[in-house]
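Let the sequences and hints guide you as you build the complete structure.
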Amino acid sequence: MKIKAVTLALSVLSLSACCTMHDGTTQTVNIETNAPAKYKITNEDGDIVSEGVAPTVVSLKRGDAPYRIVLKRSDTSPEASNTINDNPNGWLWGNILFGGIIGTIVDYSDGAAWDLDKVVNIPTLASPKDTIDPLTATPATTVPITINNMQYNGKA
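Numbering (mature numbering (1 follows the signal peptide of the UniProt record, and there is no 0)), first residue to last: -17 to -1, 1 to 139.
Since the hints were derived computationally from the structure, they do not count as laboratory data.
C-beta atoms are modelled at their ideal positions from N, C-alpha and C, and glycine is treated no differently.
Watch out, some of these pointers could steer you wrong.
Stated by the list, open to error - Each computed SDA-like pair below joins lysine to any residue, with the alpha-carbon atoms no more than 20 Å apart:
(1) K55 <-> P106
(2) K44 <-> S33
(3) K44 <-> N65
(4) K101 <-> N13
(5) K55 <-> N104
(6) K23 <-> R56
(7) K21 <-> I31
(8) K101 <-> P38
(9) K21 <-> A109
(10) K21 <-> I105
(11) K23 <-> G46
(12) K21 <-> P61
(13) K44 <-> N70
(14) K101 <-> I84
(15) K55 <-> L108
(16) K21 <-> V102
(17) K44 <-> P61
(18) K44 <-> K55
(19) K55 <-> S33
(20) K101 <-> D58
(21) K55 <-> P71
(22) K101 <-> T8
(23) K21 <-> T8
(24) K44 <-> N13
(25) K23 <-> D100
(26) K23 <-> N65
(27) K101 <-> V40
(28) K23 <-> D69
(29) K23 <-> K44
(30) K55 <-> T66
(31) K44 <-> T8
(32) K21 <-> D58
Claimed, not checked - Here are the simulated distance ranges between beta carbons:
(33) T59 <-> D28: 28 to 34 Å
(34) A109 <-> T129: 33 to 39 Å
(35) T11 <-> T129: 55 to 61 Å
(36) E34 <-> M133: 54 to 60 Å
(37) N65 <-> I(-15): 52 to 58 Å
Printed below as a string of C-alpha cells:
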C-alpha cells in the first residue's frame, strides 16, 4: 500500500510544471513578409528584444507578450506593424488535472504557461520614391542593334 502511495505521489510531482518541461520558457516565431524588410521587436516595456531582416524565425521569451513588431523596407518606406500575442499553453491542463499547484505556479512565474503566435504575416509597402514608372524610365545603357546590316543606337 505504501508503494502505491509513493508511486502516486512521485507521478503527481513529475507532472508539476508540465508547460516548462514540455515546451520550455522560449518559443520560435516565424515572421513572414512579402519582401525583405528590417524589423524590430519590442516587449511591453518598449525594450528591443530582437532586430534584423525578415522573413526570419526568432526565439522569444514566453510570458513577455504582447510583443510589437515593426518592419520597414527602406528608410523612406512606410512602417508596417503587428502584434505577437500569447494564449494559454495546452500543457497547463496537466497541472490542473493532476493537482500540480506548485507546477502551475512555476509555469505562470517563468512564462511557460503561455504560447506565442507561431506565425506572424506582415505585408510591407515600398516607398513611393523607390518605385520606377516603366513608361518614363530611361534605360541605364543603350545597346547598339544591327538589323539588316544597319546599326541603330537604341533610338528611333
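Structure-based check of all given hints:
1. K55 <-> P106: The hint holds at about 10 Å.
2. K44 <-> S33: Holds: K44 and S33 sit about 11 Å apart, inside 20 Å.
3. K44 <-> N65: Status holds; Cα separation ~17 Å.
4. K101 <-> N13: 6 Å, holds
5. K55 <-> N104: 14 Å, holds
6. K23 <-> R56: Within the cut-off at roughly 12 Å; holds.
7. K21 <-> I31: Measuring from Cα to Cα gives roughly 13 Å; hence the hint holds.
8. K101 <-> P38: Cα-Cα ~14 Å, so holds.
9. K21 <-> A109: 12 Å, holds
10. K21 <-> I105: 12 Å, holds
11. K23 <-> G46: 19 Å, holds
12. K21 <-> P61: Status holds; Cα separation ~12 Å.
13. K44 <-> N70: Between K44 and N70 the Cα gap is close to 13 Å, so the pair holds against 20 Å.
14. K101 <-> I84: 28 Å, violated
15. K55 <-> L108: 8 Å, holds
16. K21 <-> V102: Given that 20 Å is the threshold and the Cα spacing comes to 17 Å, the pair holds.
17. K44 <-> P61: With Cα atoms ~28 Å apart, K44 and P61 exceed 20 Å; violated.
18. K44 <-> K55: 24 Å, violated
19. K55 <-> S33: Satisfied, since the Cα-Cα distance of roughly 15 Å is no more than 20 Å.
20. K101 <-> D58: 28 Å, violated
21. K55 <-> P71: Roughly 31 Å separates the two Cα atoms, so the pair is violated.
22. K101 <-> T8: Holds, at roughly 14 Å.
23. K21 <-> T8: Between K21 and T8 the Cα gap is close to 26 Å, so the pair fails against 20 Å, i.e. violated.
24. K44 <-> N13: 14 Å, holds
25. K23 <-> D100: This hinted pair holds, its Cα atoms lying about 17 Å apart.
26. K23 <-> N65: Given that 20 Å is the threshold and the Cα spacing comes to 11 Å, the pair holds.
27. K101 <-> V40: 10 Å, holds
28. K23 <-> D69: 18 Å, holds
29. K23 <-> K44: Judged against 20 Å, a Cα distance of about 15 Å means the pair holds.
30. K55 <-> T66: Judged against 20 Å, a Cα distance of about 15 Å means the pair holds.
31. K44 <-> T8: 6 Å, holds
32. K21 <-> D58: 10 Å, holds
33. T59 <-> D28: 28 to 34 Å: Check passed, 29 Å falls within 28 to 34 Å.
34. A109 <-> T129: 33 to 39 Å: 38 Å, holds
35. T11 <-> T129: 55 to 61 Å: Once the Cβ atoms are compared, 57 Å apart, the range 55 to 61 Å for T129 and T11 holds.
36. E34 <-> M133: 54 to 60 Å: Since the Cβ atoms of E34 and M133 sit about 57 Å apart, the hinted range of 54 to 60 Å holds.
37. N65 <-> I(-15): 52 to 58 Å: 54 Å, holds
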